[in-house]
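Novice: Sequence:
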Amino acid sequence: MSRTAVDEPEPAVIDALDMRRAMGLFASGVTIVTGMDDEDPVGFACQSFASVSLDPPLVLICADHRGRSWPRIRTSGRFTINVLGEDQRDLCNRFGSASGTRFTELAWDRSRWNTPSLPGVLLRIHAAVDDVRPAGDHDVIIGRVLELESLRSCRPLLFYRGLFELPGSSSPASPQAWDGDWGWGSRWG
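One point on numbering: in our numbering, the residue at position 143 of the sequence shown is 180, and numbering is uninterrupted.
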């Protein structure tokens, strides 16, 4: 029995706010991507992070190509993904803010890969930019993993529906929305 061609339906019109709210239903971990611009440390909060390949070891991040930090990190060719613990909301707020105080009065170390390593994170993934593909208002960045540093064992910082907590969680860190519309705003890199 042969199948006849059927007219394809028209895709729905999806505005940015609807997309942001829908994607908020997917819980994700929170990272801070850091790099150097000459001698200046730069970084941004990033929840679009994933492992891509084990052999070779590759990771993926997505960053707003119109942002201030990613273009500066891209030129250096290396970055560090700092995976945050549940007690590090302050770091997320600092690097998710447009105020520009990201590294002001923050203790950090320079890794052997010449990237900023943030204190007290769960994991650091040091990577080299392997490929960059534009995708809408973001760049999809594939990083070749240079080194992994597992630093401590605790619960990760999770982001879900505009909160840094999952519903019904009984952790000491109670659910808290951030100033303004953190989950629906433009703070993520």
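Please note: incorrect hints may appear among the correct ones.
Listed next, with one range per pair, are the computed distances between beta-carbon atoms [claimed, not checked]: (1) Asp92 / Leu62: 30 to 40 Å; (2) Pro108 / Ala59: 25 to 35 Å; (3) Glu76 / Ala165: 15 to 25 Å; (4) Leu185 / Ala64: 22 to 32 Å; (5) Glu45 / Glu186: 45 to 55 Å; (6) Ser134 / Arg192: 33 to 43 Å; (7) Ala53 / Ser134: 17 to 27 Å; (8) Asp75 / Glu142: 12 to 22 Å; (9) Thr141 / Leu188: 20 to 30 Å; (10) Asp74 / Ile51: 15 to 25 Å; (11) Ala64 / Ser134: 17 to 27 Å.
It is worth saying that the hints were derived from the structure and are not from the lab. Glycine is no exception: its CB is placed at the ideal position from the N, C-alpha and C atoms.
Novice: Determine for every hint whether it applies to the structure shown.
Specialist: Going through the hints against the structure:
1. Asp92 / Leu62: 30 to 40 Å: holds (32 Å)
2. Pro108 / Ala59: 25 to 35 Å: Check passed, 28 Å falls within 25 to 35 Å.
3. Glu76 / Ala165: 15 to 25 Å: Roughly 19 Å apart at Cβ, these two residues keep to the hinted range, so it holds.
4. Leu185 / Ala64: 22 to 32 Å: holds (23 Å)
5. Glu45 / Glu186: 45 to 55 Å: holds (48 Å)
6. Ser134 / Arg192: 33 to 43 Å: violated (23 Å)
7. Ala53 / Ser134: 17 to 27 Å: At 21 Å between Cβs, range holds.
8. Asp75 / Glu142: 12 to 22 Å: holds (21 Å)
9. Thr141 / Leu188: 20 to 30 Å: For Thr141 and Leu188 the Cβ distance comes to about 23 Å; the hint holds.
10. Asp74 / Ile51: 15 to 25 Å: violated (35 Å)
11. Ala64 / Ser134: 17 to 27 Å: holds (22 Å)
Against the hints set out earlier in the document, violations occur for numbers 6, 10.
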